[in-house]
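Peer 1: Chain by chain, the residues:
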Amino acid sequence: MKMDAPAEAALRELSFAEAIREAMDIALAEDPRVVLMGEDIGVYGGAFQVTGDLVRKYGEERVIDTPISELGGAGVAVGAALTGLRPIFEFQFSDFATLAMEQIVNQAAKLRYMLGGAVSVPLVMRFPAGSGTGAAAQHSQSLEAWFAHVPGLKVVQPATPADAKGLLLAALDDPDPVMIFEHKLLYKTKGAVPEGRYTTPIGQAALCREGTDLTIVATSLMVPKALAAASLLAGEGIAAEVIDLRTIRPIDRDTVLASVRKTGRLLCVYEGVKTLGLGAEISAMVAESDAFDFLDAPIIRLGGAESPIPYNPALEKAAVPQQADIEAAARGLARGAV
Amino acid sequence: MKMDAPAEAALRELSFAEAIREAMDIALAEDPRVVLMGEDIGVYGGAFQVTGDLVRKYGEERVIDTPISELGGAGVAVGAALTGLRPIFEFQFSDFATLAMEQIVNQAAKLRYMLGGAVSVPLVMRFPAGSGTGAAAQHSQSLEAWFAHVPGLKVVQPATPADAKGLLLAALDDPDPVMIFEHKLLYKTKGAVPEGRYTTPIGQAALCREGTDLTIVATSLMVPKALAAASLLAGEGIAAEVIDLRTIRPIDRDTVLASVRKTGRLLCVYEGVKTLGLGAEISAMVAESDAFDFLDAPIIRLGGAESPIPYNPALEKAAVPQQADIEAAARGLARGAV
Amino acid sequence: MPDTAQDNTPFAIRHYRPDTLRGALRKMYLIRKFEEGAEDSYMRGLIHGTMHLSIGQEASAVGACLPLGDHDMITSTHRGHGHCIAKGADVARMFAEFFGKEEGYCRGRGGSMHIADVAKGNLGANGIVGGGLPIAVGAALSAKRLGSGAVTLCFFGDGANNEGAFHEALNMAAIWALPVVFLCENNRYGMSTSTERSTAVAAIAQRAAAYAMPGVEVDGNDLSAIAEAVETASARARAGAGPSLVESRTYRWRGHSKSDRNRYRSKDEIAAWMARDPIPRFAQTLVAHGVLTQPEVAAIEAEADAEIAAAIAFAKAGTDPDPDHLTRDVYTPSPMAGPVQDGSGRQDGAPA
Amino acid sequence: MPDTAQDNTPFAIRHYRPDTLRGALRKMYLIRKFEEGAEDSYMRGLIHGTMHLSIGQEASAVGACLPLGDHDMITSTHRGHGHCIAKGADVARMFAEFFGKEEGYCRGRGGSMHIADVAKGNLGANGIVGGGLPIAVGAALSAKRLGSGAVTLCFFGDGANNEGAFHEALNMAAIWALPVVFLCENNRYGMSTSTERSTAVAAIAQRAAAYAMPGVEVDGNDLSAIAEAVETASARARAGAGPSLVESRTYRWRGHSKSDRNRYRSKDEIAAWMARDPIPRFAQTLVAHGVLTQPEVAAIEAEADAEIAAAIAFAKAGTDPDPDHLTRDVYTPSPMAGPVQDGSGRQDGAPA
Ligand SMILES: Cc1ncc(C[n+]2csc(CCOP(=O)(O)OP(=O)(O)O)c2C)c(N)n1
Ligand SMILES: Cc1ncc(C[n+]2csc(CCOP(=O)(O)OP(=O)(O)O)c2C)c(N)n1
Ligand SMILES: [Mg+2]
Ligand SMILES: [Mg+2]
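Respectively, the protein sequence lines represent chains A, B, C and D. No gaps in the numbering here: position 232 of the first sequence is 232 in the numbering used here, and each next residue is one more. No gaps in the numbering here: position 223 of the second sequence is 223 in the numbering used here, and each next residue is one more. No gaps in the numbering here: position 255 of the third sequence is 255 in the numbering used here, and each next residue is one more. No gaps in the numbering here: position 214 of the fourth sequence is 214 in the numbering used here, and each next residue is one more.
Be careful, since some hints might not be right.
Derived pair list, reagent style DSS-like, types lysine-lysine, alpha-carbon separation capped at 25 angstroms [what the hints assert, rightly or not]:
#, chain 1, residue 1, chain 2, residue 2
1, C, K258, A, K188
2, B, K317, D, K316
3, A, K317, C, K316
4, A, K190, A, K317
It should be emphasised that the hints constitute simulated quantities derived from the structure, not laboratory data.
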């Protein structure tokens with residue numbers, strides 16, 4: 001796992017949620033302009049306990065519980081970012097961002113451009129996303145592709161605690177709006193996280209595992225699944241290279257193309273709905289590049305089912321790619337039986 | 001141009017806007033459950049004069065001016081569709097649908113599924129979309145890819161007056177929510193339109209021009225541009241096949257793949273932002289199909305620029321594919337100089 | 001039954017027949033036992049996901065639905081089990097839904113937050129706070145245009161009153177004088193956020209003034225008071241005089257959802273509200289006015305216990321959905337034929 | 001200047017210095033002439049796109065901005081030329097923006113609906129009805145947190161008052177007691193839809209009650225009345241007492257935009273409002289109270305004419321953007337260095 005932190009920084013095991021909280025803690029301590037905004041992020045600690053006890057340390061003026069007003073809340077964050085604050089806005093579930101697309105897409109993403117470069121909108125938004133919690137169709141979506149379609153936004157999807165921290169700090173340093181999609185099932189996963197301040201560069205994928213037989217480009221929760229699949233496949237003599245995209249706008253074209261040129265086979269794995277989900281862009285980007293000539297097989301996508309996320313647990317699992325699906329697809333691709 | 005109307009129906013020249021109005025007129029006359037809802041669609045006749053004088057004929061109870069309340073208005077339409085009406089909801093500009101994504105995506109698209117099939121939501125929504133009117137970044141977007149990413153919705157993008165009418169009537173016959181994206185620059189374009197009631201099937205692309213050297217898959221305003229480019233290229237000895245996708249969810253896979261198998265070269269042309277726009281899906285769909293083996297060249301996409309739509313007319317033109325761009329890309333693709 | 005004022009006799013006693021009152025008490029118990037059964041099943045790991053219990057709010061749900069007939073409609077919320085039962089749902093099919101079974105109201109696809117019973121006029125719970133508000137207005141628009149005479153009762157919470165959807169929905173209902181009753185169940189908190197911290201006015205009913213509609217505050221733990229307010233509001237709606245806003249002041253005993261640690265409220269506050277339990281209060285009223293005897297009350301409670309136990313057993317024995325049917329019901333199988341045939345959105349024999 | 005009440009002397013005369021009053025009249029003329037110049041340029045095909053003229057509403061824009069200093073902020077609307085001029089913008093750069101030139105406020109990228117002048121505290125017009133409301137609340141949140149003492153004045157139309165954003169924004173401003181003044185310019189129509197048809201209450205100011213904030217209605221064609229109401233509201237805001245809602249009743253003489261056929265209102269109505277022209281009215285007040293003479297008024301008008309003519313000439317001679325720069329300014333070139341350096345969103349020397 002590529003690590004962008006200073007080599008000398010001590011590592012500890014933290015959960016993904018703790019790593020995000022640590023990043024926010026550092027930012028709040030360092031920079032008086034930083035405020036957190038969201039629903040129930042104060043005394044409740046956030047629906048997924050990401051903000052935790054930060055309100056005790058920084059007070060209600062800096063860890064701001066908003067009313068249940070997603071559009072207005074997002075707009076307040078845009079206005080605050082435009083006038084000197086550095087808001088980190090949490091949607092309680094990414095599904096509720098459907099109420100705030102106006103402010104995110106028409107305002108935050110476009111203000112700088114529409115004003116001819118006179119302003120920047122240094123806004124960070126966090127979106128707990130994805131399925132697997134039994135919360136059904138209105139609490140389980142993976143809508144990151146919508147945001148990655150919007151010029152003016154940057155969009156990241158960390159897969160590890162270390163990247164969750166590093167990308168959040170990078171987002172805060174960034175002058176433009178950065179959207180962070182966090183898979184809810186990752187919050188409790190653990191990993192080594194460097195102490196102190198460091199940033200994970202926005203726009204750089206991570207080459208998580210090298211291989212020569214095929215390239216698996218994965219995002220978010222699909223990264224650990226792809227890595228587990230790759231380990232297993234190694235035992236079968238299939239050497240899969242695994243790339244964690246990390247940033248989905250802008251996409252790290254170079255890393256992906258270099259890998260495909262090497263392996264000649266590409267599998268894209270993402271949880272969002274297959275049609276027009278992230279894999280569509282990865283595939284199309286490769287198919288129109290000079291890496292096309294290196295392709296030995298069709299580009300395979302494993303994405304979410306063409307359905308809302310169902311409540312029943314067995315159906316819910318079936319609706320998104322599982323490790324076994326990745327293994328099967330990779331096997332098919334590597335062995336030419338597509 | 002493939003025509004799905006009864007062969008015997010008389011044809012007249014109508015503008016795209018008139019064709020839509022005629023479809024709504026037929027529906028209002030035939031079916032008392034049909035109502036139109038939207039901002040300034042009554043006495044004003046709609047921002048683009050699509051509803052025109054229908055309010056005089058059917059009254060304010062059936063051609064309903066809503067307050068400026070896109071989220072609420074869309075939700076009222078969802079509730080009405082669920083309980084016996086057949087609303088046709090007009091967004092004044094598709095950009096304002098950013099305020100209503102909640103009701104469209106969380107409710108309309110998912111209700112049937114979440115309720116285990118107990119209901120249908122026979123809702124039609126119309127979205128005037130696209131750039132070219134000098135109205136700048138918040139009035140010029142092409143967001144159809146967002147909707148085509150959402151299971152539960154059907155999404156169409158007519159390119160001709162005849163299809164605009166036929167697809168609207170098909171949408172009204174459809175039990176599920178159908179989103180119609182209408183390019184504003186098409187409203188005044190004219191074409192032959194059959195009289196009376198007919199439907200253009202949702203989910204069927206139109207093969208507009210046959211050719212053997214390359215396939216151009218285009219949507220909406222890009223269809224006439226692609227056809228003009230193809231005519232010109234024919235003079236240069238390049239035979240381009242042009243497909244008007246018409247429906248973007250579900251995509252007519254068979255028509256596209258058959259064409260690519262024949263020509264071996266694919267150019268996707270769409271106005272939405274290139275990254276994760278429609279062409280990404282077309283490209284990926286082909287690249288993962290058996291048509292992949294027939295590809296003689298990379299799949300090229302011509303999409304909107306990675307920027308908001310600018311106000312200045314020259315910049316605005318530069319932000320979306322123009323006929324000359326299509327010609328150049330097609331030439332490059334056909335001649336192998338990619 | 002004539003609505004003649006009698007001193008000290010509560011509205012409900014004057015207005016409803018004894019069997020209606022008995023049925024109301026039965027539903028209150030059924031809700032309480034349902035929620036307890038759901039909680040218990042969750043604790044035992046039989047149900048996944050999350051759930052929002054309405055224990056303590058039974059009078060509000062049942063009282064508000066008393067004035068409604070089967071052809072009237074409701075829209076409900078994430079905290080919707082009570083509304084669903086109040087509107088006449090079958091608890092066995094509700095439990096089956098919780099257990100993710102084909103026998104559930106949503107065939108296991110929706111779960112707790114999406115139970116609907118369209119045949120009984122329940123257009124569904126909603127996972128989106130405020131999501132049901134414009135939908136209710138749409139249902140009222142249908143009723144008005146199609147002349148069905150139906151009233152739509154729109155449940156929502158205090159938290160939802162700060163959503164833009166609230167504002168847009170109430171305004172549209174008002175300008176079009178639609179037959180809808182907005183019923184805000186103010187249980188003092190939206191998740192952890194008190195109305196004092198979230199809402200600029202002291203009483204949500206005050207916001208009715210912004211829509212030129214009547215706004216009343218009632219004791220949400222008093223079934224009779226709720227029923228009376230909703231009778232008045234729905235009579236107004238049926239008469240074509242437009243919408244009303246009724247604020248039902250109540251309290252949820254349990255946490256917001258299963259992960260709540262109740263850090264935002266005191267034990268004393270919870271205890272004080274638990275002392276105002278709406279169920280014994282209504283039972284006592286019925287006994288005091290000679291509608292029921294104490295043993296009859298006990299029998300109704302026991303009946304509810306049995307019904308819930310049977311419902312859970314039914315649900316446990318239900319059929320698991322076939323994963324091959326994952327994408328079934330995303331779209332409606334065959335297009336409705338012609339425009340004049342009955343292809344209404346309601347496919348369950350419900351009134352339209 | 002002391003604010004001692006003098007019978008019959010308008011607030012503005014009592015409260016502002018003569019040169020301030022002269023400047024206000026000058027701005028009113030400048031707005032009128034600007035709009036006429038824009039209209040004329042449009043008719044000649046020199047400007048593309050659409051535009052929303054504020055002729056008839058000059059008192060509202062100028063009066064509302066009189067109580068503001070340069071470090072105070074405004075958010076504006078699609079009908080924003082007047083607000084922009086009132087807040088001190090340079091008409092030459094505004095015209096340059098219309099003409100799509102590099103010299104324009106947005107370097108030709110934004111056009112009529114996106115003119116901003118961040119250095120003067122104008123956070124921008126907005127193409128989205130209601131879009132500026134939460135942004136204004138955010139600016140007020142910054143002011144409060146950063147202790148800048150700035151007030152934010154939020155312009156919006158009667159049509160915008162039915163957007164959910166209005167409700168959410170006013171509620172948040174109220175609960176957090178933020179220094180913001182909501183200024184609704186009620187010109188009776190949102191495009192073609194009258195407030196009677198769109199809005200459940202007779203006066204939008206009544207909606208203030210839903211947010212426990214003061215709400216006042218004023219004659220929007222009376223500069224002094226507007227200025228007085230906004231002085232009161234901004235004093236309240238500066239004192240930390242929170243937001244207010246001011247409804248300015250005014251009228252737009254022209255159609256909504258260039259494609260309007262005025263089918264929704266009568267010629268008589270338009271004529272009646274044109275008879276209440278706010279500019280001569282204010283000019284007369286100044287003359288009556290000896291602030292200016294009639295010839296001085298005429299000179300101010302002539303000055304405005306000349307300034308507009310020069311501005312149009314400047315704009316015409318402007319530089320066309322290079323199409324190769326299409327994607328410049330989508331993102332900010334180099335990331336701001338560290339968190340403690342000044343990397344505020346405002347990069348134009350504006351107060352934060
Ligand atoms: C649009 C939206 N925002 C946030 C949530 C998360 N959420 C679910 S219930 C709830 C609290 C709702 O409060 P209230 O309306 O008072 O209902 P109560 O839970 O008290 O019954 C929140 C914040 C949601 N489901 N939808
Ligand atoms: C969200 C949104 N909905 C609709 C429109 C189209 N539109 C532009 S201005 C306007 C009327 C606005 O009315 P009002 O707020 O009263 O302002 P006025 O034009 O009268 O100054 C409409 C409907 C828009 N720009 N944004
Ligand atoms: Mg509540
Ligand atoms: Mg107006």
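Peer 1: Compare the structure with the hints numbered earlier in the document and write down the numbers of the violated ones, lowest to highest.
Peer 2: Violated hints: none; all satisfied.
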